[in-house]
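Make a model of the complete structure from these sequences and hints.
2 protein chains.
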Amino acid sequence: MSLLDHIRLCQQRDMARYRPFFAGHDRVGWVEHGLARRLLADDAHFQGDETALRLSPVFADFDSRSRAMAEVAARLVADGTLRKLRGEDFPAAAVHNGPPLFKLDRNAVAIFGIKACGVHMNGFVRRTDGPHLWIGRRAKNKSIAPGKLDHLVAGGQPYGLGIHENLIKECAEEAAIPESLAARAIPTGIVSYLMEHEGGLRDDVLFVFDLELPADFQPRNTDGEIEEFMLWPAERVLREIDTTDNLKFNVNLVMIDFLIRHGVIRPERPDYLELLGGLRRVGHR
Amino acid sequence: MSLLDHIRLCQQRDMARYRPFFAGHDRVGWVEHGLARRLLADDAHFQGDETALRLSPVFADFDSRSRAMAEVAARLVADGTLRKLRGEDFPAAAVHNGPPLFKLDRNAVAIFGIKACGVHMNGFVRRTDGPHLWIGRRAKNKSIAPGKLDHLVAGGQPYGLGIHENLIKECAEEAAIPESLAARAIPTGIVSYLMEHEGGLRDDVLFVFDLELPADFQPRNTDGEIEEFMLWPAERVLREIDTTDNLKFNVNLVMIDFLIRHGVIRPERPDYLELLGGLRRVGHR
Chain A
1 MSLLDHIRLC QQRDMARYRP FFAGHDRVGW VEHGLARRLL ADDAHFQGDE
51 TALRLSPVFA DFDSRSRAMA EVAARLVADG TLRKLRGEDF PAAAVHNGPP
101 LFKLDRNAVA IFGIKACGVH MNGFVRRTDG PHLWIGRRAK NKSIAPGKLD
151 HLVAGGQPYG LGIHENLIKE CAEEAAIPES LAARAIPTGI VSYLMEHEGG
201 LRDDVLFVFD LELPADFQPR NTDGEIEEFM LWPAERVLRE IDTTDNLKFN
251 VNLVMIDFLI RHGVIRPERP DYLELLGGLR RVGHR
Chain B
1 MSLLDHIRLC QQRDMARYRP FFAGHDRVGW VEHGLARRLL ADDAHFQGDE
51 TALRLSPVFA DFDSRSRAMA EVAARLVADG TLRKLRGEDF PAAAVHNGPP
101 LFKLDRNAVA IFGIKACGVH MNGFVRRTDG PHLWIGRRAK NKSIAPGKLD
151 HLVAGGQPYG LGIHENLIKE CAEEAAIPES LAARAIPTGI VSYLMEHEGG
201 LRDDVLFVFD LELPADFQPR NTDGEIEEFM LWPAERVLRE IDTTDNLKFN
251 VNLVMIDFLI RHGVIRPERP DYLELLGGLR RVGHR
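One line per chain: the protein sequences are A and B, in this order.
When we follow the working numbering, the leftmost residue of the first sequence carries the number 1, and every step to the right adds one.
When we follow the working numbering, the leftmost residue of the second sequence carries the number 1, and every step to the right adds one.
By construction, these hints were calculated from the structure, which means they are not laboratory data.
The model shown is predicted, which means the values in this text are computed figures rather than measured ones.
Just so it is clear, CB atoms sit at the ideal spot from N, CA and C, and this is done for glycine as well.
Any given hint could turn out to be false.
Said to hold, decoys possible - Chain A side only, calculated, beta carbon under 8 Å to chain B, not exhaustive:
(1) G48
(2) T51
(3) A93
(4) H96
(5) P100
(6) T188
(7) I190
(8) L276
This is how it looks when you write it as structure tokens:
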């Protein structure tokens with residue numbers, strides 16, 4: 001796959017297959033029509049028609065909505081729609097990183113097309129021959145993208161944790177980076193995409209961080225999620241993205257963003273503007 | 001003006017006031033309806049109707065189209081539509097930085113809504129208390145934005161010069177930066193906008209560069225375009241953008257992009273995602 005192939009994959013969706021999902025007056029997600037029809041049979045939780053699915057207005061605050069969505073999620077596991085729950089809650093909001101209207105299990109986020117956030121950190125070493133990037137290989141027993149190449153540190157943004165706090169926590173768990181070092185990570189912007197994924201939509205904003213590491217730094221995984229770490233020249237990372245699908249789908253985009261910001265991918269490339277255009281989602285707000 | 005005000009200004013347009021302008025099968029620009037009607041009276045150069053303006057198909061190659069547009073531009077000066085010509089040609093293309101279909105005088109670019117490019121370079125010094133940015137004050141006799149604050153180096157992208165070459169040339173002219181130093185500038189991405197401007201549309205892509213300068217570097221203007229240079233802490237630049245309109249309109253956006261990439265503007269700001277969304281044009285491709 002080429003750089004643009006990876007970007008197109010993350011921006012690929014047929015919105016005609018989905019209807020908006022509302023909590024109160026706010027659209028919080030998108031639900032596939034078939035699932036929406038099945039959910040509408042459950043009039044204790046949902047209202048709506050062919051144009052919209054609404055969480056019943058009897059659930060009017062954060063706690064009651066969260067309880068209602070937990071009941072719905074349990075039912076979706078019982079009927080086989082979801083394989084299992086994750087046991088970790090994500091916030092649901094009208095805008096990314098906005099005030100949460102309810103929380104729900106991470107594994108139910110995509111089938112409701114809920115806006116989700118994550119933190120991705122490029123761990124790099126500055127050398128005279130250009131930046132080198134730390135790359136992790138995901139454990140083969142992970143449920144998502146087993147064996148794929150990944151960032152030094154990356155994770156979803158759970159309910160109840162700030163972005164910076166989450167980054168510090170993930171740095172400790174995934175690569176044994178002490179807080180004193182992790183706190184030097186620089187937020188550099190976002191990557192965002194809206195893609196069909198396992199019967200639902202991933203509507204994601206990834207907060208991107210760069211952490212410049214000392215030459216003698218050696219990451220060590222502490223939560224069993226990463227099998228090994230490698231330090232690669234940026235050019236090698238670029239070649240890997242441009243010719244394989246060895247990286248986790250969204251990691252490709254965050255690394256393309258890194259390679260652009262650090263001048264490894266340059267304006268002379270004919271696809272430069274198209275790459276930049278695809279790193280932030282357009283449309284369907 | 002706030003950060004978002006500057007961004008909104010650069011994305012402000014009422015496209016209903018314009019019709020597409022074609023050369024051959026390619027849309028190269030947008031022309032305001034009143035001007036389009038006047039141009040259509042000149043059937044030696046134009047064809048079209050209320051939905052589109054077309055350069056006459058008798059002009060079928062780069063040279064004949066360029067000559068035709070030069071005749072049109074001269075006539076627009078004669079009838080007072082344009083104050084004067086600039087004597088510098090810009091390329092016109094179907095996509096930004098794409099193969100040029102013709103060239104035309106820089107002062108006629110906006111009233112034809114032609115896609116234009118530029119180079120903007122953040123000259124900065126890394127200090128323990130954070131990045132400091134070199135800021136220029138534009139000469140009071142400049143035709144565009146006299147007296148406004150500007151980048152250390154910035155300029156439009158003329159016909160016949162590569163992006164990197166143009167940057168090297170502007171570095172020498174605007175700040176006496178030798179080629180050996182200018183060549184270290186890192187391309188970091190783009191800022192783009194589509195805004196109404198002096199009876200036309202500016203449809204601009206700015207190629208952004210960062211150049212880290214030594215602590216003892218002192219810029220010196222050689223072309224009379226910049227009156228003085230100041231080295232400001234990034235926080236002071238942020239405050240100036242957030243509370244004044246002292247910076248040239250598009251310089252605000254490129255500096256906001258710099259402040260985001262360098263972690264001075266952070267994800268905790270409630271307008272973070274809106275700022276990022278506004279730095280690259282959306283729609284009307």
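Status of the hints after comparison with the structure:
Evaluation of the G48(A) hint against chain B yields a violated restraint, the C-beta minimum of about 28 Å exceeding 8 Å. A least Cβ separation of about 24 Å between T51(A) and chain B goes past the 8 Å threshold, and the interface hint is therefore violated. At about 12 Å, the closest approach between the beta carbon of A93(A) and any beta carbon in chain B exceeds 8 Å, and the interface hint on this residue is violated. Because the beta carbon of H96(A) sits about 6 Å from the nearest beta carbon in chain B, less than 8 Å, this interface hint is met.
Taking 8 Å as the C-beta cut-off, the interface hint given for P100(A) is violated, the closest approach to chain B being about 14 Å. A distance limit of 8 Å between C-beta atoms decides the matter here; for T188(A) the minimum to chain B is near 5 Å, and the interface restraint holds. Contact between I190(A) and chain B, as hinted, is supported at the beta carbon level, the nearest pair being about 6 Å apart and thus within 8 Å. Look at L276(A): its Cβ gets to within about 6 Å of chain B, closer than 8 Å, so that hint holds up.
When each numbered hint is compared with the structure, violations occur for hints 1, 2, 3, 5.
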